[in-house]
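Starting from the known structure of chain A, arrange chain B on it as the hints suggest.
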Amino acid sequence: MNKMIYIIATIGKPFADLILYAGGMLNLLIEIIFSLPYSILRLNLILKEIYFSGVKSIVIIAVSGWFVGMVLGLQGYNTLERFGSVTMLGSVAALSLLRELGPVLTAILFASRAGSGMTAEIGLMKATEQIEAMSVMAVSPIKRIVAPKFIGGIIAVPLLAALFNTAGIIGSYFVGVTLLRLDQGSFWSQMQDSVDLHYDVINGVIKSAVFGAVVTLIAVYQGFVAKPTAEGVSNATTKTVVSSALTVLALDFILTALMF
Amino acid sequence: MDNQHDVKIVTHMQNDYSVIIENVTFGYDEDRPILKNVSLKIRQGSIVAIMGGSGCGKTTLLRLISGQIKPQTGSVTVLNHNISSMPNRDILHLRKRMGMLFQFGALFTDMSVYENVAFSLKEHTNLPECLIKKIVAMKLNAVGLFGTENMMPQELSGGMARRIALARSMALDPELMMYDEPFTGLDPISLNVSAMLINKLSNALNQTSILVTHDIESSFKIVDYIYFMADGAITSQGTPEQIRNTDNLAVRQFVDGEINGPFRFDYPAKLDYSKYLEGYYK
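From first to last, the protein sequence lines stand for chains A and B. Numbered according to the working numbering, the first sequence terminates at residue 270, and the numbering increases by one at each position without gaps. Numbered according to the working numbering, the second sequence terminates at residue 790, and the numbering increases by one at each position without gaps.
None of these hints come from the bench; they were simulated from the model. Check the hints yourself; a few may be wrong.
What the hints assert, rightly or not - Keeping only pairs whose Cα atoms sit at most 27 Å apart, straight-line, the calculated DSSO-like set for lysine-lysine is:
#	chain 1	residue 1	chain 2	residue 2
1	A	23	A	13
2	B	642	B	604
3	B	549	B	708
4	A	66	A	249
5	B	578	A	237
6	B	544	B	578
7	B	604	B	641
8	B	604	B	708
9	B	641	B	708
10	B	578	B	604
11	B	642	A	58
12	B	641	A	58
13	B	604	A	58
14	B	604	B	549
15	B	630	A	58
Keep in mind the model is a prediction, meaning the values are calculated, not measured.
If we strip away everything but chain A, and leave its shape as in the complex, we get:
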């Protein structure tokens, strides 16, 4: 009987933890939504967050986008060459980037660069009683710290994804046209023909905004629940990156199924 209880408890605990985790996040999301009317007026705080999470991520996003674009150009060229369709390279690169690679990889990079930073910042603020001090000073930490980060994330990720896509397209152009001598007219005209503004570009932007919201939510939640120790904050930042990456990939599948 005891063994049976042990087995049920062992299997049940991860589910119970998952429900608690999801409940905690939902609770935080509701608090953030109620704080939005106040926080949206604090433009200086939102701009500060966009600067820290967005502007400071420009280099990593642009460089990553450039290399991903070059790999796409190289792989695409080699594959398309077998079917005699190398002129489709521009179209393949643009659609791959706009629909999938841009939003997904940007969100994962954002989680690694900015999300982990947000978790560490909030975790350390908690450990050094700064969150408590703010609360005792009659200022809601959700309104003052969390909501501006959330809004900043929703704005920054689509902009960073646009940068990633641009750098990626330039990277594939560099490999396809400059190095492999593909006709540049074909590259651009095929891209122009196949990419639809609403269907491809806008859907990509929506995906990025959703990913931005999810990654920021995970990051701030992990910061708030982090144990106020060095090890606790370190674990929380790791959890932010891992949870964000898995959530973004799972959500990408759902959004793709709904959108395309």
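Here is chain B on its own, set in the frame of chain A:
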């Protein structure tokens, strides 16, 4: 030594109480209470110390008064509001009339000294920037740190950070100030200056001050009344003079700093230390 202390030294003291705690029980876990049936009253304008050994529930009591936690039983009335039954939004509003000095200052590390002190003023008032600058300068001058406006918290010593935090908590001239271990880790000069500042500011603003402290010498110089806690309950209370002359063994041990007495210094280990060294336990 009755429950309602009758301090006669503050002439402008009014008859009402800033804090009334009645039969409060609280614990983070259901089966491990930290506060057990605690009752106390703190008169407006007085300086009161809450003393006791580490882990006796002093800081928890401060958290109850500031409304960060709510009692499981009993009531907490602060500035004529029963915060035990108040919604969080109203508690947040009431906190504009309170200030708290944290043990290590808790300055916002991404803000300069000026931004830290001006924080409450910017969040809760519509004062023009030029006026906020003057108020910040006044507050910094009051703690002897005028001229440090552009410094960052990382550039300050521990004592300076504590004084900046004091200036920050005083920014809105609160009616009730709470100090969590204000004298811990300070050098003798900073310690005396801090005690003098608390006394001066409290008298100047007719402010009620609650000090959670271990420092007997410094606090006895400035406080009107002392509540002594042990194991989550108030075991003794009185004026500094009454506490000095008490025959309560726990208080005597604490005041005299004796190792032997009701307070156990050693952890109650289940194993015998000598036998452990001899390898008795496998």
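Hint by hint, here is what the structure shows:
{"no.": "1", "hint": "A:23 <-> A:13", "in the structure": "15 Å, holds"}
{"no.": "2", "hint": "B:642 <-> B:604", "in the structure": "20 Å, holds"}
{"no.": "3", "hint": "B:549 <-> B:708", "in the structure": "22 Å, holds"}
{"no.": "4", "hint": "A:66 <-> A:249", "in the structure": "22 Å, holds"}
{"no.": "5", "hint": "B:578 <-> A:237", "in the structure": "22 Å, holds"}
{"no.": "6", "hint": "B:544 <-> B:578", "in the structure": "14 Å, holds"}
{"no.": "7", "hint": "B:604 <-> B:641", "in the structure": "20 Å, holds"}
{"no.": "8", "hint": "B:604 <-> B:708", "in the structure": "21 Å, holds"}
{"no.": "9", "hint": "B:641 <-> B:708", "in the structure": "23 Å, holds"}
{"no.": "10", "hint": "B:578 <-> B:604", "in the structure": "18 Å, holds"}
{"no.": "11", "hint": "B:642 <-> A:58", "in the structure": "26 Å, holds"}
{"no.": "12", "hint": "B:641 <-> A:58", "in the structure": "22 Å, holds"}
{"no.": "13", "hint": "B:604 <-> A:58", "in the structure": "26 Å, holds"}
{"no.": "14", "hint": "B:604 <-> B:549", "in the structure": "21 Å, holds"}
{"no.": "15", "hint": "B:630 <-> A:58", "in the structure": "17 Å, holds"}
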